[in-house]
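Chains as they are written, first to last, in our numbering: chain A, 1 to 258; chain B, 1 to 285.
These aren't lab readings, by the way, just hints derived from the structure by calculation.
Do not rely on the hints blindly, as some may be mistaken.
Unchecked claim - Taking lysine to aspartate or glutamate and the DMTMM-like style, the derived pairs with C-alpha atoms no more than 25 Å apart in a straight line are:
1. A:Lys133 x A:Asp148
2. A:Lys173 x B:Asp156
3. A:Lys80 x B:Asp168
4. A:Lys133 x B:Glu236
5. A:Lys131 x B:Asp156
6. A:Lys133 x B:Glu157
Computed from a predicted structure; not experimentally measured.
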Amino acid sequence: MNPSVLTVRNISKRFGGVQAVQNFSLVLPRGGIVSMIGPNGAGKTTVFNLISGVYPLDQGEVYLEDERISGLPQHLITRKGIARTFQNIRLFQGLTVLENVLTALDPFTPYTLVEALFRLSRSRGEEKKAKEKARELLRLVGLDSYQDEQPSNLPYGLQRKLEIARALAIRPKVLLLDEPAAGLNPKEVYDFIDLIYTLHEDHSLSILLIEHRMQVVMEMSDWVYVLNFGKLLAEGKPQDVQKDPEVIKAYIGEEEAC
Amino acid sequence: MGISVSVLVFTCISIIGVSGVFLITGLAGMFSLGQASFMAVGAYTSGVLVVRFGVPFPVAAVTGTLAGVLAGLLVGLPTVRLRRDYIALVTFGFGEAIIAILNNLSHITGGAMGLVGIPPMTTLPLVLLSAVFSLFFVWNFKFSKYGRQCIAIRTDELAARSMGIHGDGLKLLVFILSAGLSAYAGVLYGFYTTYVDPGLFNWTRSAEWIIMVFFGGLGSLTGAVVSAILLGTLPEILRFASEWRILLYCAIVLVIINFRPKGLLGERELGIIKKKTTPDTGRAV
Numbered sequence: 001m002n003p004s005v006l007t008v009r010n011i012s013k014r015f016g017g018v019q020a021v022q023n024f025s026l027v028l029p030r031g032g033i034v035s036m037i038g039p040n041g042a043g044k045t046t047v048f049n050l051i052s053g054v055y056p057l058d059q060g061e062v063y064l065e066d067e068r069i070s071g072l073p074q075h076l077i078t079r080k081g082i083a084r085t086f087q088n089i090r091l092f093q094g095l096t097v098l099e100n101v102l103t104a105l106d107p108f109t110p111y112t113l114v115e116a117l118f119r120l121s122r123s124r125g126e127e128k129k130a131k132e133k134a135r136e137l138l139r140l141v142g143l144d145s146y147q148d149e150q151p152s153n154l155p156y157g158l159q160r161k162l163e164i165a166r167a168l169a170i171r172p173k174v175l176l177l178d179e180p181a182a183g184l185n186p187k188e189v190y191d192f193i194d195l196i197y198t199l200h201e202d203h204s205l206s207i208l209l210i211e212h213r214m215q216v217v218m219e220m221s222d223w224v225y226v227l228n229f230g231k232l233l234a235e236g237k238p239q240d241v242q243k244d245p246e247v248i249k250a251y252i253g254e255e256e257a258c
Numbered sequence: 001m002g003i004s005v006s007v008l009v010f011t012c013i014s015i016i017g018v019s020g021v022f023l024i025t026g027l028a029g030m031f032s033l034g035q036a037s038f039m040a041v042g043a044y045t046s047g048v049l050v051v052r053f054g055v056p057f058p059v060a061a062v063t064g065t066l067a068g069v070l071a072g073l074l075v076g077l078p079t080v081r082l083r084r085d086y087i088a089l090v091t092f093g094f095g096e097a098i099i100a101i102l103n104n105l106s107h108i109t110g111g112a113m114g115l116v117g118i119p120p121m122t123t124l125p126l127v128l129l130s131a132v133f134s135l136f137f138v139w140n141f142k143f144s145k146y147g148r149q150c151i152a153i154r155t156d157e158l159a160a161r162s163m164g165i166h167g168d169g170l171k172l173l174v175f176i177l178s179a180g181l182s183a184y185a186g187v188l189y190g191f192y193t194t195y196v197d198p199g200l201f202n203w204t205r206s207a208e209w210i211i212m213v214f215f216g217g218l219g220s221l222t223g224a225v226v227s228a229i230l231l232g233t234l235p236e237i238l239r240f241a242s243e244w245r246i247l248l249y250c251a252i253v254l255v256i257i258n259f260r261p262k263g264l265l266g267e268r269e270l271g272i273i274k275k276k277t278t279p280d281t282g283r284a285v
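Bound conformation, chain B alone (with noise of 0.2 Å):
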């Protein structure tokens, strides 16, 4: 496959799991270091499934989603009732931790030489159809009462609270949603390069995710989309540089955060779906 399909997938993947950190960081305001080990997590379940029980893709791919939505909620429930700087350390706790086990499990998981011989099953349509729902159901959530009392939480806890809303409940919620949809990024992961080692899915990626979703403008869905596409290609767009490039990757991403705090969009919304726009209202989140 060329190198254009090759950008192409890795950017849905991407779209994939930012839907995920949009989600969690984005609307319900908590940080999330360890979301690529969630990612981690179905990529390698559906892997090993496969690769040492031969197991068919379609049950496999649904088991390691399910497995990302299971950590979710073993790391969600004690963490969601910290405070956001205990968050990220928790999460980011968590991650490194899940890719020690990896390394470590070398029977299974094949160690820090990684799980190879994963057929290749991720196709660019299926990648493109997955990025495509992913969006529309956290599209759907943003514009929901579940999104609407998640921005109640990141604005005012306790007046969140005081409105009735199930401030906990509604943080786990998002937390498995998330985990969910980085798990399943996982697994198109794997399926597409046929081969994944724990050092793939660490805190730099989690990062690297969060940084889209700044990037984009924290509240808005279209604007997580748009940087995925632009961060994820530029690397490749800025090849000519050689050696240079991350270097002006990262100028970049300074470049728009200094200049515009909020983000390329800030809290808007792109597009003809969605009726009027929240003005931006200059305040750094």
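Excised from the complex, chain A in its bound form (with noise of 0.2 Å):
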């Protein structure tokens, strides 16, 4: 078995005039916990958005476990099994809670057309079957107590959770943290960093995270890559790429500042 879960060999995307990511490559072993870090502005995302399908590739080519699944259109990808949550959260605003979760599951759902317009057993039963599941998704980020709320009515750190049950619906393999940290407060950072630990091991998931909080980073890290406009500016073990005087320059320095 192919040990690394997720490659990502050589890919670039330039927007206009900018080069937002050049040659970059990337390996998340199975089970591993791997993290992107850079300046604002240093192409995460990008790469985030390059592997999910959000932007074609330039250059370049993703595998996931053996299987290259660049050039799929993004909802393939994302049945493939790699699941994402976003920077600036993004829940359906309009749906429950627990509905928010049941869209994630209702592409595996198993009804038809006919089946839903004339509301027979199949449908209903398979609804409940979902909603039974996504209950349980609930449970596990610690929301079950909220599913008929809207989600603009949760403090930003369950709205945070609620990213991570949504896409835990999907069964992902691969799992893609875009800042989860952003704009939690300290004792919220330690729930986070336990409950991604619980998934981590429960669900033996394969992280990889985008993070500015030195702290997320070093302490769940098994690797972590470095990035400056667009260009991988170092790779290694946390404590390593701390003490990398490159790193210090470009990032940690800028990071004091704030």
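Two chains, two frames, a set of hints: combine them into the complex.
Shown next as structure tokens:
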């Protein structure tokens, strides 16, 4: 079996005159937690968008296990097993907390249009099963008591958790987390790290993380990639990267100023 | 037949058309200004089949509806990939093109003189039953995985795709279904009035249906029904005001939209049938 679950090979993306990502490669080992760090505008989120198929690649390839996924439409890449959360939370307003999780289960729910239109017993049965499954996921992240709320009524930290529950609903092999601890208070950050560890262990998830909080990065990741101006600046174990003079110059020095 | 019966029939036909607009605009967030042209496709296909070729009414009705579905597929295929505002433009252009074709194919359609001699087959029970069934289907659609995914696409298409939802496929499906509903409304219309002309199906009718959906609350099917009934009968109720009635009608619509930007019911559904309602978040749509 291929030891790496996600392999990114020499990907590049240009937006007009800006080379957002240049010849970037990355390996996410099965069951690993790998982080990407770098100053604002370094291209981290673009890498996520390229992996998940939001933008087409200019160059390079992405493999999930041994299957090439680059070039597939976005929804198929997701269904292969790549789930993500967003830097600026993107929940579905107008749907309840439970329904938000259900939407991610829906593409896998096996009833047909005719069964839905006539409300036949299979569609009702499958709906019930899906709701049960969605409640289970909400319980996992500790949101089961909020299932009928509107997501906009939840505090920020809980909205982040809801995004994770929704991402888990697609039964991912790889979870892409885009600044999941941004905007959380210190207690919420601890909660959050615990949650990620639990998921990581109980569901043997492989996680790719973009994060600005060094506490989270240093504590959680097995391996760190540092991006600057769309290019790889350094990579290594968290403690080694932290000491790299290039990285300190480009990133950590800047971060301390904030 | 009395005026009240004819008002009832036209209101039911509106409800069928509006339930189609509810699917496409209310759930999936696409603006179709060509919706009435699908109605024309249904009315003319079935009408011509009966008048010119002597096809029995049920066969003509089914064919008319299927023709609408096909037209929906043809317009939908290139359209659903576009952004919302462009969808409105393209469907508007398509609708006006259909009107032009109907006007020019005068040896088949009767041109601007209209298609005359359609037998009166649409009865009150048929129309009532049709409206009830349309609502039943649309209601079930809304509260199934399909409806949920549509709302997800309407609120955040990028996130919806990232959850594995096939955005374009689902939008095309909705497009086709709503075209079918409009076409069926057209069939009923033609076989009630026994006469159709192209001018009946221009964009103002599409716009009227969209107004009804907004008036009732964008996410609310029961709201759309209430507003189809209210706005459908309002011109009749205001008949005493003769030429002022259209002005009054517009004023009432403006007042509602101004003071309740989310429409009469917002996202909520009326009635006993369905569980809890979602609270009004006060967010303008």
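These are the hints, each one checked on the structure:
1. A:Lys133 x A:Asp148: holds (15 Å)
2. A:Lys173 x B:Asp156: Answer holds: lysine 173 (chain A) to aspartate 156 (chain B) is near 24 Å, not above 25 Å.
3. A:Lys80 x B:Asp168: With a Cα-Cα distance of about 18 Å, the restraint between lysine 80 (chain A) and aspartate 168 (chain B) holds, given a limit of 25 Å.
4. A:Lys133 x B:Glu236: Answer violated: lysine 133 (chain A) to glutamate 236 (chain B) is near 51 Å, above 25 Å.
5. A:Lys131 x B:Asp156: Holds: lysine 131 (chain A) and aspartate 156 (chain B) sit about 22 Å apart, inside 25 Å.
6. A:Lys133 x B:Glu157: Distance ~24 Å between lysine 133 (chain A) and glutamate 157 (chain B) Cα, so the pair holds.
The structure does not agree with numbered hint 4 stated previously, though it agrees with all others.
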